[in-house]
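*Asks:* Residues are numbered in our numbering as their position in the sequence shown, beginning at 1, plus a constant of 3.
Treat the hints with care, since some could be wrong.
[What the hints assert, rightly or not] Lysine-lysine pairs mimicking BS3-like chemistry, simulated, CA-CA at most 25 Å apart: (1) Lys-115 with Lys-100; (2) Lys-105 with Lys-115; (3) Lys-92 with Lys-125; (4) Lys-100 with Lys-118; (5) Lys-125 with Lys-105; (6) Lys-92 with Lys-105; (7) Lys-118 with Lys-105; (8) Lys-96 with Lys-43; (9) Lys-105 with Lys-28; (10) Lys-96 with Lys-115.
Since the hints were made in silico from the structure, they are not lab data.
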Amino acid sequence: MAGHQGQRASTMDLEYENRMELAVKDLIDGTYKTINATAKAHEVVCQTLSDHVHGIHRACQNVINEWLVQNSSMATPLHPRDLRARAFKITGKLPGKNWHQKYLNRHGETLKASKPRHLDPKQAQNFN
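Modelling step: build the complete structure from the supplied sequences, incorporating the hints.
*Replies:* Below, the structure written as structure tokens:
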């Protein structure tokens, strides 16, 4: 994967997440002594592995998930461009144009995408 450094490796390789999980496990178990050696052995990006090990990746996901749940509770429709912009504010890295779909797929147990619907006129009367 050395030729893919700087690119979005996870979008190019379907098994990337599995390799990343194994790399984190091997590093914690002591199979490899350094993050760099572990990243090379499992063909994952060194910085991403470091973020996973230090909890940065999980913390960013938690912040994004909380923001999505908050928007959902306020019945605020969310455009993928807004989700990407929020991820950029949190991480400092601009996600790819299809990142939102992959993110929702990874978190399907807690998040669900749906199209906004018009308010039923009878429900609208309750707001007046």
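*Asks:* Of the hints given before, which are not true for this structure?
*Replies:* 3, 5
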